[in-house]
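*Asks:* So the chains spell out like this:
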Amino acid sequence: MKKWICLAMVMVMVCAALVACSVPATPSGGTDETAETPAAEQPSDDGEETEDPPAQSGGDVSINFITWRAEDADVLKEMVAMFEEQNPGIKVNLEITSSDMTEYYTILKSRLVSGEGADIFHCHPGAYLDQLVEAGYCKDLTDTGLGELYDEEFYDIGVINNKLYGLVQTYNSFAVFYNTKLFDELGLQKPSSYADVLAAAQASTDAGYMPIAAGFAEAWTTGMVYEQLMANYSPDDDMVFKKLEDGEYKLSEEPYLSVLNDIAQMNTDGLFQKNAMGTKYDASLSLFARGEATMLITGTWSVGGLKDMDESLEFGLFSLPGVNAEAVGIVSPSQLICVNDKSSATDAAMKFAEFLSSVEAETFYSNNTKQAPTVKGVEVDVAELAEVSKLMEGKTAVLSDTYIKDPVMVSIMDEVAAKILGGQDVQSAAAEGQAQIDALIAENNG
Amino acid sequence: MNTELGTVRKRKTGNLTIYLFLIAPLAVYAIFFLFPNLNSLFSSFYKWDGVAPVKEFVGFSNYIKMLGDPLFWKSFGNTIKYTITLVAFQTLCGLLLAVLIFKASKIHNFFRTLYFMPAMLSAVTVGLIFGFIYDPNMGALNKFLEAVGLENLTRSWLSDENIVIYALAFVHVWVGIGQSVVLFVAGLQNIPYDLYESARIDGAGPWKQFTRITMPMLKSTTLIVLVLTTIGGFKCFDYVFVMTGGGATHSSEVLATLLYKEAYAYSDFGYSAAISVALLIIVSVITAVQMRLLRKDA
Amino acid sequence: MLSKAKKIPKYAVLTIFAIIIMFPVYMVLTGSLKTERELYDNVFGLPADPQWGNYEEAFVGGGLGKYYINSIIVTGVSIVLILVLSSMAAFALTRKFTKGSKLVYLLFVIGIAIPPQVAIIQLSLQMSMMHLSNTLWALIFSHVAYELPFSVFIFYGFMQDIPYEIQEAAIVDGCNNFQLYRKVIMPLSKGPIATVIIFNLVAIWNDMIFPLVLISDNNLKTLPIGLLQFKGMYISQNTVMFAGVVLISIPLIVLYLCLQKQFIRGMSQGAVKG
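Protein chains in written order, with our numbering: chain L, 1 to 446; chain U, 1 to 298; chain D, 1 to 274.
None of these hints come from the bench; they were simulated from the model.
Some hints here could point you the wrong way.
Claimed, not checked - Distance condition first, Cα-Cα at most 27 Å in a straight line; then the derived BS3-like pairs of lysine-lysine:
1) L:Lys163 / U:Lys55
2) U:Lys106 / D:Lys6
3) L:Lys405 / U:Lys74
4) L:Lys405 / U:Lys47
5) U:Lys65 / L:Lys243
6) L:Lys190 / L:Lys395
7) U:Lys47 / L:Lys342
This structure is a prediction, so every number in the text was calculated from the model and none was measured.
All chains, full assembly: derive it from the sequences and hints.
*Replies:* Pasting the structure below:
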């Protein structure tokens, strides 16, 4: 056995040597001298090029900007080019991951923990921002003057413990899109009450179209229904979700009971297409764009994408009303811009954040992605955005403080909604959900 | 140890080079596999969100939570269903096809090549393709059923909670069937032909030949197929993740997707690590049992 | 000899399986040449007017060119390293010179059961500590380490069965251990070599999780990541997506078709004896 101890020691030494003297150019260290092959030498050049940590001043600094907004890819690329032209010393490596959130946060977190690859990044308001701030990865932007460039109503969204950590790049709203051509064909008007929506859905079904295309196969999409209903039923209580998380409200009591009952009612009324639970979100967009469904439930972020899919597609927007409640316009803050406080290129990243907060950049972003601007003084001239602002003409609710903080809570809510949409009765779905919430509260307190 | 040949001295210097042989592979394995994995498994005793600089020691509470977590048991059940479906189809269909095409011939070779082809595709690719085939509104499967007059069989394949896990396992079978065919073909080709010859002289029919000769002679091949597919089934992540992400309402959640979500979506790395430990133990035990059973009566 | 009538059910079974297996492939191939509308309205038929532009869009728009090169480098180097390292380890462990070798073998094979999602953050931390993050080496080492267990398992199974007399004869002839490995054992191990190559080729070429997490530089990404980015950029452009799928899968399919005899023979020799 002595030999094995020797062997173990040799291994440890090799490990140590590798860690200690692995300069970027020779990453192979001493582990594989027996395995050198001509092919093995090729990638080391790549290693050298990208390895150097950015220099502090002078010379070129390169920063990484990481985001999940694949829909905005082309626009963001152009913005990076604009920025690089204005700041010749800084190179921005734009990294767009897939639009799956779990995947995005897997990548973002591993980048942050390893200290490389995320100098400036997008983050959702709520739980994720909380965690990253707590772990010290978000730079305090309070006294940088950047926050003041944004409309006041969005300032608070990036604030935690009275300090500003994120800048809201744009906001969205949930809406039901309706195909104006098909509506004309069926003699329908823009719906304003639940009865109207129901009539439109029935008329569509009778004429052989799908009613509201919905992609409920992805859990988060149900949130567009229950969050909208939540706001409809308690438009003046901006802590309504928080209270559920704190145990003050229960799923089996008002206002949640109405919300869940409405979801069940919509389902039995046939508001959504058959198989909505098995339809992927992307597929639901496609059903609407191809004129198979007269309506579509999504967010205003889809405006640009739908136009890309079919230039001739014409649509209007309305907010989904509750069975017994009027519709409220939803202001849902989208991605936050955050700067990595532990990065070695914070200064350059700040420069880029400044650029993104400029009127010039935000105007470009809003115009081209057809999303609503949040920076003061930005005027946008896009027909579709006028439709979005119409959603905000009545009462509105900002989903900022109302955000559920705990991602487990979100998944419980998604699940309750999905169960009801899948045909389970409201009472048992609510009871099961509440049991999970109670367990979560107990775990968080204990 | 066999010492009758070779001198003692030779053996000693020889052993030294053997240690040298082991150093490089072990070093790479230790640094890039064992170390990160052990590190990760240790966090099953901590509460950690993946980014915070400090981990909080919580003893066995992650394991206790796991045993009382209905979602863990649901995922466990789904993993078992998935694995059993996978193993059953891979072994039975694989064996059936192998019996039909094990003899060397051009046409058999053609089928063998064809059956193995899906194994070349990446999980993302396969997920995309089958996501499209299973789509309830415009997918090929429902359209096919409609076209042949079986409308009442059409359904939402990936959201029907009674079906989704089998639909996913089928995709895995689709990818892996060629592998078991090839393995069984090799096993069949290794059986000496004269065994059958003498059996026939003794008056044994095809079925008797199969049960008395083929089956026992295929023991080690079957073991390999069983072990490989069982491990593949328990580790399955890609197909589930790409096609359903574990939904709807966790009806297709398996252990590998659950532990991934617990870590990265719900930021509970400690709990996630506890689940991976459980997964590791389950797989090791089942594999060991399979080996024991098959080796014993071989 | 079976009579013709008896062969009919046999070929019916074979053909049904072949159709099930080939249909998705057929769908992707034809789908990649259809227009978006045709894809839904005419699922089973051939494209009326082949849209070769889908391929152009996929290749140029997806920027697949540089991803190909990265994928080739990573896969190639990893496989060479895996072959050398796993055969060396298996060779040493099958010498059975001490009881500990069984233990080391177990240490290796236990890795087969651990999915890569478990330690991905720790791994990226490790890479950055070693200044390897964002290099192709990070991918290569991760792949090598994660594929070693299975490869060692295959080589070990095979080498264990090589008759001891062959080795003793070589030693009597004056071979040292290195020569024994190089000149005797490796030339005998064509089967397991083929098995290890084919399994790792598929696994590494198609792997998504390591490049996703360990590589942030767009110039160093591999093909599957290109496909993932596609998914976001071409929402509902399934035809372009399919074209991308074809472009990414083609190298392996072609390689497989060219080498299928060696692959299949090697796989059977290698695995069955393991």
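*Asks:* Now look at each hint and say whether the structure bears it out.
*Replies:* Taking the hints in turn, this is what the structure says about them:
In summary, the hint linking Lys163 of chain L to Lys55 of chain U is supported, as the alpha carbons are separated by about 25 Å, within the 27 Å threshold. For the given pair, Lys106 of chain U sits about 19 Å from Lys6 of chain D by alpha-carbon distance, which is consistent with the 27 Å threshold. As the CA atoms of Lys405 of chain L and Lys74 of chain U are separated by approximately 25 Å, the hinted pair is consistent with the 27 Å bound. A C-alpha spacing of about 18 Å is found between Lys405 of chain L and Lys47 of chain U, which places the hinted pair at or below 27 Å, so the restraint holds.
Restraint check for Lys65 of chain U and Lys243 of chain L: satisfied, since their Cα atoms lie roughly 25 Å apart, inside the 27 Å limit. For the given pair, Lys190 of chain L sits about 18 Å from Lys395 of chain L by alpha-carbon distance, which is consistent with the 27 Å threshold. Distance restraint check for Lys47 of chain U and Lys342 of chain L: the Cα-Cα separation of roughly 23 Å lies within the 27 Å cut-off, and the hinted pair is therefore satisfied.
The structure shown violates none of the earlier numbered hints.
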